[in-house]
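S.K.: Listed here are the chains, written in short residue letters.
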Amino acid sequence: MKKLIQSFSILCLGLLMGLGIAGCADITIVETTTSDANLYSYLKKYPEKYSDFTTIIDKAGYDSFLDAYGAYTLFAPTNTAVKAYMTQLGKSIEQLSKDEAQGIIKIHVIRDTLTTRSFKDGKLPLVTMYEQYLLTGVTTGAEGASYTINRQANVVESNIKTGNGMLHIIDGVLKPATKTLAQLIEANPNYSIFTQALKETGYYDTLNTINQNVNKRFMTVVAESNDVLAKAGYSSYAALKARFSKTGKPASMNDSLNIYIGYHIITDAKYLGDIISASSHLTKVATEPTVVSAKLDDQAVLLNDDVFNGVREPGIELIRSASDNTATNGVLHSAGGHYNVKLRLPIRIDWDVCDFPELKKLTQYYGKKNYQFPVGTVLQDITWANASFPPLYVYGGTANNAAKRDYLQVPMGVPSRNLWLDMKTPIIPKGKYKVWMCYRRERTSNSFTITCTGAIDGEVLPRPFLFIDYVPSLSAGELESLGWKVYMSPGTDNTTAGRLLGTIDIKTTDRHVFRLTAINGTHSLNDIDMIQFIPVDQNQLVPRHLPDGTLAPN
Amino acid sequence: MLKKLIYNIIGVFALTMPLLSCDKWLELQPQDGIVQSRFWQNKEQVEAAVSGCYASLIDGLPEKIFTMGEIRADMIEASFKITNNELDIINSNILPTNALTDWRDFYRIINYCNTVIAFAPSVLERDKTYTDVAMKAHVAEAKALRAWMYFYLVRLYSDVPLKITATSSDDEIIPIPKSTQAQVLEQIVKDLNEAEADIPATYGAKDKDHSRVTKYMVNTLQADVYLWMDKATEALAAANKVIASAKFGLVANTAARSNTWFYTVKAGNSNEGIFELVHGSDYVLRFGVANYPLYAIFGLGASSSYRKFQATGYLTENVFAEDVIDPTNYDTRGDDASLTTTTSVIRKYDRTSGDTPFSWIVYRYAEVLLIKAEALAMLNRGQEALDLIKLIRTRAWAIPQTEKSPDPANIYNADGVMDYILDERAREFAFEGKRWFDVLRHAKRNNYKRIDLLVNVVARSVPGDRQQSAIAKIKDPNSHYLPIYQYEIQTNKLLVQNPFYK
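Taken in order, these protein sequences are the chains called W and Z. Going by my numbering, the first sequence opens with residue 1, and the numbers climb by one from there. Going by my numbering, the second sequence opens with residue 555, and the numbers climb by one from there.
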């Protein structure tokens, strides 16, 4: 009843409105698509606030493009801010040359519309027209919290939408960085040892150039102050050189001092907010690709804080207050401790695929009973193609002859189930390894089959394998020559199959991505116990594993 | 129902009037005077209007108060069905254009209450069977509900327009400026004191005593409001009134470690419940889902693609923790009660098919005890406060890992009695829409002496690449309150935006 009346009244309303309009309203045709002012016109509307900035825009000859169709973000300083800046400069606006005026405007304009939603602890996603990044942040002052731009200005009014872009009003003029990374480091007397090392290794020049190609221009330096070096036992450059420079020629790329400095330079402009958003970063070490790992622990940004082969190695913290300094060609951070490349020799890695944090947190399941990850689960280090087929953790109890008596069951297959499954490996030191897929053989029924291949960082390992294959009944030596082994002790259970996938040359000491790809068949009960990376020059067969998770004596 | 209908019709005519005027095709007299005198005729109509206030509470309010009470705190995180507006709040990126900052849900209910308060007395003359006592009781109910709504508004927005007259015609839609938080709180206290005098202690039936405002709901609300105002003596007195009534108690859980007590509480009408929002039997029609009404935000079991929010790791690891030495030990409020730890699904409000949906528990006796503990602590009676926490923990079979033994003399400092109360409230009232207000209340006490509580909440719940910005923002007290929604700012020129959202 109510509905009926409602719809009737809406009908009436529509009818009467139609009558009303037709009856007496003049029809005006709107000829513009929007009545919103564009950036420049908007500023012009409030001369009491922005006249000085618009004068600079006029002077630069940018009034027409800031009023034309497009998508920009403009940070507009108020009159007070511009006046303060001009006093500092010792000039009046009239005395600015066209180039100077253009420079001032360019650092305030980004070619995209960015609202405060894009403001993070770090750089804005795009460079300004001046080709420098802007750093955003928040500070709390006497008048409350506000966004800051480049630590030079506070945002006093934000997200003003104009016809051709987003306008933010700031209380200071943005000043582009004028020093290169090299100059920035040299200007700080507390980096004197580090500066000398930069000069002697030749990296000073690298850090002092501005590459004309914006995509290759930016670098990030993590500098060690004299205090940090003194604490580590190097109170002078001589002491540092004596410890590191084995060849006596720091400029040579094989010299350890050269490597030490190269390790402190990261490619690309990475503010702290960018550093923590990736787990490792490529450095400029010249001899080979080398990465430094990064993470956020509570509020601390840590470098090289890793777990290697089950042992936690504490890293160093970046000093927030002394970091995030913008240079013309990159960012400068300050290290809270001395750190260097870790020399890691190839070592046998028996990667237990059930050893990941989300599973270990489930203490009532991990090492106790099966756990089916629900559909929709998101794991940090494991991803799979088909959301409907998440992995299953199987804990088999004493009857299960697998290492730690558990394994990860991953449904694979074409076209149903998972076409691929990615897992992030633990840290693998640079070197050549044979990769062994160690699985518990299982098969639903004879109508199912599954062939998979493995790949590391996209490089496909040559040997496909089937999760449904038993270890053939051959001697250990014969098996190895065919790429087979029994990975569980004492080496008789033919359901505990180790299958050689191929040899891989790991180029960087880092965590890598192992991808399992289904190439034929479909099957759910694919039980991965571990994936072994065994250096090529080591024994590939022993030691074998015991079900309690330890290694059997040879 | 009838009222709504009439309003609809008036609305249509009111809208069309100006359009028609130039035609003089159809001339109509304003209708509102007639409607008012036709409606407020007898006591049944007053009853209906009061029922309307309650009905409007259950429509969407539980989701609103859940979201607003939890989203800025550290116990829920985004899941698959999260919307951009919600994500922005989680990322500490609140803008006045965010529709979740719209306060109209609260003001709509306030206006229903204002209408009852304004017109119920006039019915006395027209309906001789309507007694003065009954009329005063109706007004008291409306005043209590209005106070409750304003209590949400001051905690969410701080300064808000104080509208205490009914808007029953278009002439009365006038813009009003914001009142300060202190002024609004004063009105809340006044409303509650007046309500307390006239409101019944019972409505003669168990379900009505839980779903309608009683004297004890008023007292509990008073205690909560006084805590927010840092008035410990008054809060203690109000809490003691509820306790002294001897009508309530904790649902017992003595025999063995089991979380069934919790089902008794959430099923409603237990001796622990003080005020509950009851989902009527027509919930399927009204919410469009055959499952429980909050299904859309919590989902169920493995069907995670349906949920907006899920429990955080902080909750399972730190708040409820687990007994690593003896895994058979568990907090009965944790796994399988408030949530499922393995899937992070929030379970506090789920139901098995066929059950009527669980009530939304607004206040329960456990909260009165913990409010009392907080008031006692403020009065430097730390040991008595600790005894009350112990009572709550014993009933819940809390585990030794979450037990603390603070120095009873250390009230406000880190790891003191107050921190323990805050932690225990997190366990006891997980997902009951209280966490953000609890943390804010503790943080702001003594001129923001414990701002670190808020900083910690933000540090662990905001994504890493926004963490430092979020921490800097939370240090500005204005950021603790929401912006006025853009629509309101545009339509009411007297409103001044919270300076944080410049």
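Think of the hints as simulated: they come from the structure by calculation, not from any bench. Mixed in with the good hints, there may be bad ones.
Unchecked claim - Interface residues of chain W toward chain Z, partial, derived using beta-carbon atoms under 8 angstroms:
(1) K120
(2) T139
(3) S192
Unchecked claim - Below 16 angstroms or equal to it, Euclidean Cα-Cα: the simulated EDC-like pairs (lysine to aspartate or glutamate) are:
(4) Z/K1029 - W/D67
(5) W/K424 - W/D537
(6) W/K98 - W/D58
(7) W/K179 - W/E131
(8) W/K361 - Z/D889
(9) W/K424 - W/E358
(10) W/K284 - W/D171
(11) Z/K1056 - W/E157
(12) Z/K1056 - W/D58
(13) Z/K1056 - W/E143
Remember, predicted model here, so these are calculated numbers, not experimental data. All residues carry an ideal CB built from backbone N, CA and C; glycine is no exception.
S.K.: With reference to the structure, classify each hint as holding or not holding.
M.R.: Against the structure, the hints come out as follows:
1. K120: Since the shortest Cβ distance to chain Z is 5 angstroms, the answer is holds.
2. T139: Since the shortest Cβ distance to chain Z is 6 angstroms, the answer is holds.
3. S192: 29 angstroms, violated
4. Z/K1029 - W/D67: 38 angstroms, violated
5. W/K424 - W/D537: With Cα atoms ~24 angstroms apart, W/K424 and W/D537 exceed 16 angstroms; violated.
6. W/K98 - W/D58: Roughly 9 angstroms between the alpha carbons, so the hint for W/K98 and W/D58 holds.
7. W/K179 - W/E131: Holds: W/K179 and W/E131 sit about 14 angstroms apart, inside 16 angstroms.
8. W/K361 - Z/D889: 14 angstroms, holds
9. W/K424 - W/E358: 14 angstroms, holds
10. W/K284 - W/D171: The hint is violated at about 38 angstroms.
11. Z/K1056 - W/E157: Satisfied, since the Cα-Cα distance of roughly 5 angstroms is no more than 16 angstroms.
12. Z/K1056 - W/D58: The hint is violated at about 28 angstroms.
13. Z/K1056 - W/E143: 12 angstroms, holds
When the structure is compared with the earlier hints, violations turn up for hints 3, 4, 5, 10, 12 and for no others.
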